Amino acid sequence: MSHAAAGTEARPRRTPRASLGSPEGDDIFGTFDTRVARRFFSYLGPHKRAFVLAQVAAVCTAAAQIRIPLLIGRITHAVVQHDLAGFQGLLVQFALTAAALAISFYAAEWLSQRLAQRVIFDVRRAMFAHLQDVSLSFMDKTHVGRMMARLQGDVGALQEFLETTTGSVGDVVLLVGIAVVMLTTNLRLGLLALTVLPALIAIRAVWLPYSKTSFRQARDASSTANSALAENINGVRTVQETRREQLNFELYSKMTWANFRAQTHASWMTQIMVPTVDVLTGLATAIVIWVGGTAVLGGQLDVGVLVAFFLYVQRFFDPVRMLSMQYTIMQRAMAAAHRIFEVLDVPVTITEKPDAEPLTAFEPTVEFRDVTFGYDPARPILHDISFKVRPREVVALVGPTGSGKTSIISLTHRFYEVDKGQVLVGGHDVRDVTLDSLGRHIGMVLQEPFLFTGTIEANIRYNTEAATHDDVVAAAKAVSAHDFITRLPDGYATEVGQRGRNLSVGQRQLISFARALVADPQILILDEATANIDSFTEQAIQKALKVLFAGRTCMVIAHRLATIRDADRIVVLQQGRILEEGPHGALMRRKGLYHRLYTSAHASFDDEVVAKTGDAEFATRT
Amino acid sequence: MSDSPPDRRGAALSDAQTVDVSAMPKVLARIAGLAMRYPGRVALTVVTSLFAAAASLALPRLLGRAVDEARHLLASGGATNAEAARHALMITAGLVILATTLRGFLTAAAGYLGEYLSQRVAQNLRLQFFQQLQRLSFGFHDKVHSGDLITRGMLDLEGARVFIQNGMMQGLTMALLLGFCAYMMVSTEPLLAVIGLGFVPVAGFALGRMGFLLRVTWLRVQRLMSVLTLTMEENLQGIRVVRAFSGKRFELGKFDAASEEVLDLQASRITLRFRGVSAMQVSFYASLTILLWFGGAKVLNGQMTAGRLTEFVSYMMLLQAPIRQIAMIVNTAARATSAGGRLFEVLDLEPEVADAPDARPLAPTQGVLRFDRVGFSYAPGGKPILSDISFEVAPGKTLGIVGPPGSGKSTLANLIPRFYDATSGAITIDGVDIRQVTLASLRRYVGLVQQEAFLFDASVGHNVAYADPWAEDARIEDAARTAQIHEHIAHLPEGYETRVGERGVALSGGQRQRMSIARGVVPEPGIMVFDDSTAAIDAVTERKVRDGLAHATRAMATVIIAHRLSSLMHADEILVIDDGRVVERGSHASLVKQGGLYADLYALQTRSSLIEAAAEPQEVRA
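Heads up: the protein sequence lines correspond to chains A and B, in order. Here our numbering is used: the first sequence runs in plain steps of one and ends on residue 622. Here our numbering is used: the second sequence runs in plain steps of one and ends on residue 622.
No wet-lab data here; the hints were simulated from the structure. All of these numbers come straight from a predicted model, not from anything done at the bench. By construction, the Cβ of each residue, glycine as well, lies at the ideal position given by its N, Cα and C atoms. Check before you lean on any hint, since a few could be wrong.
[To be verified] Result set (DSS-like, lysine-lysine): computed pairs, CA atoms no more than 25 angstroms apart in a straight line:
1. K383(B) / K353(A)
2. K143(B) / K383(B)
3. K543(A) / K591(A)
4. K383(B) / K141(A)
5. K477(A) / K546(A)
6. K420(A) / K388(A)
[As the list claims (entries may be wrong)] To spell it out: a stretch of chain B is covered by chain A in this simulated footprint if at least three of its residues, at any positions, have a beta carbon under 8 angstroms from a beta carbon of chain A; those stretches are:
7. 142-152
8. 171-177
9. 252-266
10. 448-458
Chain A extracted, bound-state conformation:
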C-alpha cells in the first residue's frame, strides 16, 4: 500500500480525462411470455416421463409435509385421551409418512435436477450447433464475449429456473393443502389464522419491485468494479508504463465504495423482510393461542388440533417466500430465454439442397458466372463478375480495399449466397453439392492465422483426423516450420498458449500453412497476411507459399509483390468489377490500374530511399 503515495505530483485542478472499465448492461428481469415459456418447455419433450415423475414426487412430498403436523396433533390427542392403541397406530403411521416424505423428496429433487442438467445441455448444444450454421455476416457482427454470456449466463439462469420449477409445484400444493386442512379441521380458527396471509402477500408485492431494484443496483455496481479490475489487469503494463497507478487506484476505490454501499443496501432490503414475516407469524400464533386455547378450554376443540395449528402456522410462510423467490427466478429465466431464442431464431441462409450430392472426382476449376453479390442486396459489392480459374493455375486477386477480393473468396467457399449468377467449383454449382464435401476440397488460409488451444500437432491436424504424425511433420517441413517447432520446449507437443501468444505472427502463419497442406485440398484459397513480418520469417513464408501452390488450383488475395508476380494470372478488381486480367508482364505493358498500383506504392517509398541511399528499390510492401 505504501507505494500508492509514491506517484503523487502536483495536479492541475481540472478533472482528469480518465475512466476505468465498462460494464455490460443486459437487463436481467423479463416478463412472463407464454410463447417463450411454451417454446422453452418443448425442450422437456424428450424427458417427459422424468418430468411428470418429478412433479408427482413433488406433490407426494407436499402431501407428506401437510400430513406430519396433523399426525403430531393426533398423537397428542391420543396421549391426553389415554388411547394406547390409537397412539401406537398413529406412531406407525407417522413413521411411514416420514419415510414416504424422505423417499419422495429424494426422487423429486434428484429427478428435477438431473432433468435440468440434461435440458440445459440440450439448449446449449442447440445454440452452439445453430451458430455453426448461421451466416458469417451474423457472426461477423457478433461480439464473442456477449455470445458467451448467452451460452453461459443465460443458459445458467434457465437451469436455475428448471431446478426450482418442480419445487414451486410442491409449494403451491403445500400452500393450498395447509389452507384446506386448516379450514376443514376448524373453519373459524382456520379463517382467523389465515387472515395474516393476505397481509404478507400484499407486503411482499409492494416490497418486491424495491428489492429487485436494489438487487439490480448491487449487480451493476459489482460488475462495474469487476470490469475495472479486469481492464486494469489486462492493461497492467500500460498502466505501469504511464504511471497511472495512483489515479487508477483512486478511480477503482470510488467504484468499490459504491459497490459496498449497493451491496449493503441490497442486504438491508433482503433483511427487512425477516422481521415482517416474523411479526406476522407471531400474530398468527397469538391468534391460535388465544382463540384456539379458549376453544380448548371450553371443550369445543381438542388439544391435538391446537398443536397441529401451531406447527402449521410456524411453517406457513415458507411456501409463500419460496414462491415469490421463484417468481423472481422465473422473470430472470424469461429474460434469458428471450435472448437465447433470439440466437436460435437467427435464420440459416446457407442450406444444403435435399438432393445435394457430395463433390467427388472433379477437375479442380473455379468459375464465376455473372456473379452479383452484396452483404446488403441493395448495395452490391460485386457486379457481374465472370472469370475462370483453370486446373492448377495460380490466380492473384489484387485491388484497393473494398474492391471485393474477400467477397470473391468467401463466395467460392459458399460462406455467403450469390444474389445473381453462379459460382461453379469443378463445374458444379456450389449450391448443388454438400457443404461438407465443398469444405474438404477447398482449403483456405486466412489472413489472421487462428490457433486453437492444444498442441501444435493438433493444430496442424485440425479436422484431418486421418493424418499421421509423419504427415504432420512432413507438412511442417515442407513449409519450413519444422525447425522452429522442434526448437520449442516440447516440439510438436508444445501447447499453444492463449491464442498462440507464445508464437510470433510469422510462426503462426507457417503453422496455418502446414494445416492447409495436411488437409491437402485440390483448390486452395489464400488471403495473404498484411502484417509486417520480420525479414527472416518472411523468407520462410515466401518459400512455403511455393510449396503450397504446387499442383493446386489457387486463388490468392495478394499483398506482396513476390506473390503477385509469381502468379500465373492476375485479376485486378476495382469497386466490384474486374478491370484487368492477365500475367504481370502483360498488365504492366497495358499501363492501367495495375501498373499504377504497382508503381505508386513504390514511388512514394522509393523517393526517400533513393534520396538517402541512392538505392533503386526498397520494398517490404504491406
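Once you have looked at the hints, place chain B on chain A.
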C-alpha cells in the same frame, strides 16, 4: 511478443484445484483475522445473534405453556379458574408476539451486520489486491495469465467474503442456537433431550461430509466447464477457420465430449447432494418418531404434560433449519480455503523491482542514457537474454537497434524504465544508476511505446491522454498529429469522444500503433523508447510518423527498435543484436559497407522480390 521466449508463461502460482485440508486452519484464521479488524462490529453481531437465538428458543416453551394452560383448566373446571386461564393464555399470546418480533428484528440485524462486515472486509481486500497487481513487476505478469488474476480478484475474493458471512457468522448463529437449545432441553427432560438431539451428530456428520465432497466435486466440474467454455469461445473466435475446414462435426464432437463428461460429473454431484440431505431427513424423522414414542408414553403415564411434548417437538422443528446449514458452512469453509489461499498467495508476493530504501527522485542534468556492460536473464543462472550491452545516447541523439526475433531487443527496451532489473552491469542516467532513483520519477522520465498497443475500452481522447489525463486538449491533438492519427480521429463520428474497443470503433493494427505513439509523446519524457512500435503501420504513413517524431523528440534521447530498417536508418548509431549480444554497430552507411548481418538484412529488404532473395542468398552477400 515475438521477442519473448516461449517458455516464460510457466506456472508461477499454484493451481488450487483441490481443497487442501491441512491449510484450512491457517487460511480460515487469516480470513477471520481480517474481520477482527472491526472488533466493535463483530461484537455487535455476536450479541445480536445471541439474543436472536434466545428469542427463538422462547417460542417452543411458550407454545408448550399455551397447550398446558388450555388443558390444565379443562380438567379442574370452575369459572374463576377459567377466567384465570384465559388471562394466562392472553399473556402467553402476548409473549409470543414479543418473542417473534424480537426474533425477527434481531435476526435481521445479525444478518445485516454479517453482510456489512463481510462486504467491508471484501472492500479492503479488493483495494489491496488492485494495488498489489499494480505494484508487481512485469516478471510476475509474464508468468501469470491475466484471466487467472481476474478470477482471483473476483471469484476467489468472493469466496473469502462469503466465508465471513455464511461460514463464520452463520456458524456462530448455529452454534449459539444449538447450544441454547441443548441446554433448554437437557435441563427440562434429559432423556427426551438425548433422543431429540440424537439426530444432530448423525445429520451433522453426513451434511458436513457432503458439503466438503460437494466442494471437491464442484472444483472438478469447474475445470471441465472451463474446457467446455474454451471450446465454445475458440469456436466463435475462430469461426472462419471452422467454416473453411468444414469443421462443424469436428467441433460438435469436441463439444459433446466435454459436455458428456460434465454431465456425468454433475450426476454424481447431484446424487452426492441428495444422499446427504436424505441422511439428514431420515435421522431427523427417526429422532422425532422416537421422541413422540417415548414422550407420548410419558404423557400417557402422567409423567409429563402434553405441553412439554409440544415444546420438544417445536425444539426439533426449530433445529432443523440450522442443522441443514452445516453443509453450507463446511462447503463455504472449503471454498474459502482454496480461494483465500490463492488470494493471499498474490497479496504476499514482493515485487521484484521496487524502490531502494534510500531511493531519490531522478534529477537529470543533461539526460544521457548509458548502458554499461548490461546483462540480463529471466531466472538467476538461466539462459542469458542479453550479455555485455554497452551504449550511450545523449539528448537529441537517436540509437537504433535491430536484430532477428528472439534476440533480446524488447527485453532491452524494458530494462530502461526498470520493468525488469538488469542482472549484471549498470544502466545510468547522467551517471546515476537507475536502481538508486525512485521508480515513479524514472518512469516519468522514460517513455516506452510497446509493439503491442494496448488500448483501453474508453474514448480515443482518454486513450491518448492516458499518461497525462490532465493534459490540455491542444497537447492531445498535437500528439495525435505527430503520430499521424489526428485526421482519422477527427473523422470519427464523435471525434476524440469516440469510444474504442469492443463496444466502440474498431481500429486497424496500424491505427492502434499510431494511437499508442501519440499516447507515448503526450507526457514529453526525457528519454523515448520505441519498441517495434511502427511495424503494423504502412510504409507511406510510417515515414510521415517518423518525420513528426523527429520534430517532437528533437530534444529527447531516443531509442528505436525495429525490424524495418527504414525506421532506423537515420539513427546516429545502430546496434545489431543477435542472441543477446551486439554483433555489429555503427551508422547505416558504415554497416552497409561492413557487409555483415545488417547488410544482409538491408539487401533482403531492398530486393523487390523476396522469393528471388531467398533463392539466391550468396548473390545478395556478394
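To see whether the hints hold, each was checked on the structure:
1. Distance restraint check for K383(B) and K353(A): the Cα-Cα separation of roughly 60 angstroms exceeds the 25 angstroms cut-off, and the hinted pair is therefore not satisfied.
2. The suggested pairing of K143(B) with K383(B) holds, with an alpha-carbon distance near 17 angstroms, which does not exceed 25 angstroms.
3. Annotation: proposed proximity of K543(A) to K591(A) is violated, straight-line Cα distance about 30 angstroms (limit 25 angstroms).
4. Annotation: proposed proximity of K383(B) to K141(A) is violated, straight-line Cα distance about 45 angstroms (limit 25 angstroms).
5. Note on K477(A) and K546(A): the hinted pairing holds, with a Cα-Cα distance of about 13 angstroms set against a maximum of 25 angstroms.
6. Taking the CA atoms of K420(A) and K388(A), the gap is near 17 angstroms; set against the 25 angstroms cutoff, the hint holds.
7. With 5 residues having a beta carbon nearer than 8 angstroms to a beta carbon of chain A, the segment 142-152 of chain B meets the requirement of three or more and the stated coverage holds.
8. A stretch counts as covered by a chain when three or more of its residues have a beta carbon under 8 angstroms from one of that chain; for the segment 171-177 of chain B and chain A the count is 0, and the coverage is violated.
9. For a cut-off of 8 angstroms, the count of residues in the segment 252-266 of chain B with a CB near a CB of chain A stands at 7, and the three-residue condition holds.
10. For the segment 448-458 of chain B, the assignment as covered by chain A holds, since 6 residues bring a beta-carbon within under 8 angstroms of that chain's beta-carbons and 3 suffice.
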